[in-house]
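All chains should be built: construct the whole structure from the sequences, respecting the hints.
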Amino acid sequence: MLWRRAWLLLSLLFPAQPQEQPSSSVRPGGPDLRLWQLADATTSPLPPNIPRPVDFCQKPPYNDSHVMCMTQPFTDCITYFVNSTLLSESVLWIHNHYKSHLALGQLADFPAAGNMLQLRWDDELARVAEAKARLCADELGSLNKTDDETAPVIWRFVVRDWFDQNIFFPKEHVAKFVETSGTEQFVQLAAADTYAVGCSYTRNIMPKTALPQKYFHIYVCLYGPRAPLVGKPLYYAAPYCSLCPQDMICDGPSGLCVLRSWKPAPPQAPATTRAQEG
1 MLWRRAWLLL SLLFPAQPQE QPSSSVRPGG PDLRLWQLAD ATTSPLPPNI PRPVDFCQKP
61 PYNDSHVMCM TQPFTDCITY FVNSTLLSES VLWIHNHYKS HLALGQLADF PAAGNMLQLR
121 WDDELARVAE AKARLCADEL GSLNKTDDET APVIWRFVVR DWFDQNIFFP KEHVAKFVET
181 SGTEQFVQLA AADTYAVGCS YTRNIMPKTA LPQKYFHIYV CLYGPRAPLV GKPLYYAAPY
241 CSLCPQDMIC DGPSGLCVLR SWKPAPPQAP ATTRAQEG
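Take the sequence shown: its position 256, counted from the start at 1, is 256 in the working numbering, and no numbers get skipped.
Don't read these hints as lab results, they were simulated from the structure. Values in this document were obtained by computation on a predicted structure and should not be read as measured data. All residues carry an ideal CB built from backbone N, CA and C; glycine is no exception. Don't take every hint at face value.
To be verified - Estimated spans, in silico, between C-beta atoms of each pair:
1. 260 with 80: 25 to 35 Å
2. 179 with 246: 27 to 37 Å
3. 109 with 181: 16 to 26 Å
4. 172 with 121: 24 to 34 Å
5. 210 with 108: 41 to 51 Å
Written out as structure tokens, the structure reads:
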């Protein structure tokens with residue numbers, strides 16, 4: 001199943017200010033690292049908890065051990081904002097923008113990719129991503145403090161920071177992949193065979209936590225299939241689209257391989273407002 005081969009990517013979050021932009025790169029730790037932005041607790045009433053969809057576990061292959069069906073590890077973890085599929089167009093566009101950048105050979109010191117597949121949105125992966133975000137529990141990475149628990153983080157900044165991990169990725173590992181700490185998110189973005197993505201953004205509060213900050217803003221993206229096995233190519237260094245699979249055609253402007261029945265992505269970014277992206 002697609003979600004069984006998905007890869008969890010989580011972002012270091014920044015307070016979104018119109019006059020500022022977040023730093024251009026981050027270097028989180030090992031795989032499946034949860035990077036949360038925390039906001040100061042306030043004395044305002046707690047927001048209502050958004051209930052988990054009742055059909056989370058109504059279909060195979062989910063069972064009690066699957067993240068979709070796990071009991072909430074923190075009974076006082078309140079998810080008060082969820083945004084998964086509403087922003088699918090903009091989240092998908094920015095992912096394919098960076099995959100195109102790599103495929104066309106526009107990333108310094110990286111070769112062009114002959115077999116880079118265009119990503120498509122997968123609602124099931126987005127649902128699992130939401131389930132992971134609702135856990136409110138994992139290894140904490142870098143924490144950024146903000147005074148506004150509702151401050152939005154623009155998706156394009158989040159994905160950009162994942163892609164910027166390329167500065168830590170040894171170029172010789174493109175042909176023969178070797179895991180390198182601090183590059184897990186870039187690797188998943190650059191993996192040629194990955195063709196599906198689903199993402200979710202949640203805002204959570206843990207009023208009883210011992211931490212001085214109570215608010216957690218969590219971004220999660222899951223991909224399928226996951227990055228290549230060690231020793232396999234991350235992608236094939238060749239002129240773009242020169243090695244597309246037989247059931248795919250080339251989208252010339254992006255340099256990505258797309259399904260024959262799948263229309264290429266639009267050449268321009270979708271129009272979204274800052275409020276919508278938060």
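Results for each hint:
Range check, residue 260 to residue 80: about 43 Å between beta-carbon atoms, so the 25 to 35 Å window is missed. For residue 179 paired with residue 246, a C-beta distance near 30 Å keeps the hint of 27 to 37 Å intact. About 20 Å separates the C-beta atoms of residue 109 and residue 181, a value consistent with the hinted range of 16 to 26 Å. About 33 Å separates the C-beta atoms of residue 172 and residue 121, a value consistent with the hinted range of 24 to 34 Å.
About 45 Å separates the C-beta atoms of residue 210 and residue 108, a value consistent with the hinted range of 41 to 51 Å.
Of the numbered hints stated above, the single one contradicted by the structure is hint 1.
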